[in-house]
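Here the protein sequences come in this chain order: A and B.
Each residue of the first sequence is one higher than the one before, starting from 60 at the first, in our numbering.
Each residue of the second sequence is one higher than the one before, starting from 60 at the first, in our numbering.
Don't take every hint at face value.
[As the list claims (entries may be wrong)] Footprint (simulated), chain B over chain A, 3 or more residues, beta carbon under 8 Å: (1) 169 to 180; (2) 201 to 212.
[As the list claims (entries may be wrong)] Keeping only pairs whose Cα atoms sit at most 35 Å apart, straight-line, the calculated DSBU-like set for lysine-lysine is: (3) 127/A <-> 372/B; (4) 127/B <-> 372/B; (5) 280/B <-> 227/A.
It should be emphasised that the hints constitute simulated quantities derived from the structure, not laboratory data.
C-beta: ideal position from N, C-alpha, C; glycine also.
2 protein chains.
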Amino acid sequence: MTLAEIYKDLRSDILKLEKEIETQVGAEHCVLRAASNHILKAGGKRIRPVFVLLSARYGQYNLEEIKKVAVPLELIHMASLVHDDVIDNADVRRGKKTIKSKWDNRVAMYTGDYIFAKATEIATFSKYSEIHPILAHAMREMCIGEVEQLRDQFITEQTLRQYLRRIKRKTALLISVSCELGAVVSEADKSAQHALKWYGYYAGMAFQITDDILDFVGTEKELGKPAGSDLIQGNITYPALYAMQKNPEFHRKVQRYMKNPGSYPLNVQESVTIIRESGAVEASKALADQYVNKAVKMLKGIDESPERSSLSKIASYIGSRNF
Amino acid sequence: MTLAEIYKDLRSDILKLEKEIETQVGAEHCVLRAASNHILKAGGKRIRPVFVLLSARYGQYNLEEIKKVAVPLELIHMASLVHDDVIDNADVRRGKKTIKSKWDNRVAMYTGDYIFAKATEIATFSKYSEIHPILAHAMREMCIGEVEQLRDQFITEQTLRQYLRRIKRKTALLISVSCELGAVVSEADKSAQHALKWYGYYAGMAFQITDDILDFVGTEKELGKPAGSDLIQGNITYPALYAMQKNPEFHRKVQRYMKNPGSYPLNVQESVTIIRESGAVEASKALADQYVNKAVKMLKGIDESPERSSLSKIASYIGSRNF
Numbered sequence: 060m061t062l063a064e065i066y067k068d069l070r071s072d073i074l075k076l077e078k079e080i081e082t083q084v085g086a087e088h089c090v091l092r093a094a095s096n097h098i099l100k101a102g103g104k105r106i107r108p109v110f111v112l113l114s115a116r117y118g119q120y121n122l123e124e125i126k127k128v129a130v131p132l133e134l135i136h137m138a139s140l141v142h143d144d145v146i147d148n149a150d151v152r153r154g155k156k157t158i159k160s161k162w163d164n165r166v167a168m169y170t171g172d173y174i175f176a177k178a179t180e181i182a183t184f185s186k187y188s189e190i191h192p193i194l195a196h197a198m199r200e201m202c203i204g205e206v207e208q209l210r211d212q213f214i215t216e217q218t219l220r221q222y223l224r225r226i227k228r229k230t231a232l233l234i235s236v237s238c239e240l241g242a243v244v245s246e247a248d249k250s251a252q253h254a255l256k257w258y259g260y261y262a263g264m265a266f267q268i269t270d271d272i273l274d275f276v277g278t279e280k281e282l283g284k285p286a287g288s289d290l291i292q293g294n295i296t297y298p299a300l301y302a303m304q305k306n307p308e309f310h311r312k313v314q315r316y317m318k319n320p321g322s323y324p325l326n327v328q329e330s331v332t333i334i335r336e337s338g339a340v341e342a343s344k345a346l347a348d349q350y351v352n353k354a355v356k357m358l359k360g361i362d363e364s365p366e367r368s369s370l371s372k373i374a375s376y377i378g379s380r381n382f
Numbered sequence: 060m061t062l063a064e065i066y067k068d069l070r071s072d073i074l075k076l077e078k079e080i081e082t083q084v085g086a087e088h089c090v091l092r093a094a095s096n097h098i099l100k101a102g103g104k105r106i107r108p109v110f111v112l113l114s115a116r117y118g119q120y121n122l123e124e125i126k127k128v129a130v131p132l133e134l135i136h137m138a139s140l141v142h143d144d145v146i147d148n149a150d151v152r153r154g155k156k157t158i159k160s161k162w163d164n165r166v167a168m169y170t171g172d173y174i175f176a177k178a179t180e181i182a183t184f185s186k187y188s189e190i191h192p193i194l195a196h197a198m199r200e201m202c203i204g205e206v207e208q209l210r211d212q213f214i215t216e217q218t219l220r221q222y223l224r225r226i227k228r229k230t231a232l233l234i235s236v237s238c239e240l241g242a243v244v245s246e247a248d249k250s251a252q253h254a255l256k257w258y259g260y261y262a263g264m265a266f267q268i269t270d271d272i273l274d275f276v277g278t279e280k281e282l283g284k285p286a287g288s289d290l291i292q293g294n295i296t297y298p299a300l301y302a303m304q305k306n307p308e309f310h311r312k313v314q315r316y317m318k319n320p321g322s323y324p325l326n327v328q329e330s331v332t333i334i335r336e337s338g339a340v341e342a343s344k345a346l347a348d349q350y351v352n353k354a355v356k357m358l359k360g361i362d363e364s365p366e367r368s369s370l371s372k373i374a375s376y377i378g379s380r381n382f
């Protein structure tokens, strides 16, 4: 089965989930409805629902029960994007205007709150009560990750360890929970739940590292924002850390910029070129590959099946994707 | 039993709840811990935990189970205050610097998110799964209320009905849920749960109307912010609505200010005096009293007891409090 076939196979259920999200955020209030729909329409890869659907194949696949976790998971992700846009002062996301720029920061904050609350509410309809602490814990860790990102912003002296801990909370955990909950609501056995949870964690780490690579190798059209945006906003990711270590002059330039962005502007084009030429992209890809391998290894804990092969393919794809 | 005695009786359990809140927001992250503790230390009336404790007396009073709803309810309230401060650009709340002014808007937003997530997480430890949809629904309605308040800000042509719907979502619902959940986790019978839920709703309406009166009759020291702050910030409450109806000149002045606050500043002192002299305070008190009476009437649905008498006293006190 190729990746295109895996997605094709899931397509009808993904569309049903999207329809459900649309219905659920068709809020009672016109501003909220418009704002929620706006971010829904902006698209996204729906990677979390995809993981829920695939993991759910390890047990009794029941789309009605799957909905009650897949929709909240995608909503939690959407809400965090809305709040990130407030923080980043982002006017554009995925090539579309953000809620913040279309309305204002205040609407964006409450829209995020509303989507979080709605996510929690939908999950309460699940008959599997064990999902609640798992979801709540993931939401809390995400908030801590966001605050860590704020704290570490514009700080050049960071360790790889700090970076990894941050992306774990920011991204990997919610993907891990997507896999875990897919298995829980389909009543897959405990060992499969465990294996899928860890598979999701490693795949999530690879996903974020790849995302951070794409910020330097993608085009503005592909990214929906200019290349090098993370760096300019003071978010130091692994490719930047690597390039600074290899190139002392670049290190000093970035340091100067981060200490005083107003007085020492950083040439984005030049920085992107330096990072690309430093070997940072290859090193980051190698790091992502390590996580892909760990993810694939976790799958050994569950029976061989077409689903296992799909998850394995998706992990590899995640580590090599270029959009 | 006097009000002082009611509170005295609850004091030890309120302290235990505060201790629990302090432990729970002792977050894994230093900025979050400092920010959360800051708002906890700023105090507040802890009116939601008080209602949970009193309602819980109608069944098997079990402080361990009560904690799992009373702490989340107070945390949800605290989180909404943190986000309100972002919106209001408030530098001072309850006489203390807000999180927003002490750190910045970004920390304030994620601190609010963190406290919301933490509240949800604590509730998941309750053995009463019926509390989850009730809590999630209240959180969602609160968000809608906040967006309605944004929409209605600086709009002078409002009806009493709009005002009431807004304060229902903003305040009354969470107090109603406090009473209801106190009854649920103490396994009070269904009719008591129902009566307490509605008692809480009416008491909550009276509470907010009284709060809105206090904004015009309190001193800066009592309020922790200057009198008339709501009006200046464009939040039109019942006393202002009433005074505008009675005094066409004042109506025009307020209209002019709300349309263009920068060009037509409103004299706060003068406005507060006009509102006080318009009979708005008395009319608002009469409105609050109507809700107090409805609240007390709901209590007729449950057996006579010292607890019922306490709830009745608290409702009356809420309608006449002056802090």
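Evaluated hints:
Counting residues of the region 169 to 180 of chain A whose beta carbon lies closer than 8 Å to any beta carbon of chain B gives 10, which reaches the threshold of three, so the coverage claim holds. Counting residues of the region 201 to 212 of chain A whose CB falls under 8 Å from any CB of chain B gives 8; the rule of at least 3 is met. Simply put, residue 127/A and residue 372/B have alpha-carbon atoms about 43 Å apart, too far for the 35 Å limit, and the pair is violated. Restraint check: the Cα-Cα separation between residue 127/B and residue 372/B comes to about 26 Å, which is no more than 35 Å; the hinted pair holds.
At most 35 Å may separate the alpha-carbon atoms for a hinted pair to count; residue 280/B and residue 227/A exceed this at roughly 46 Å.
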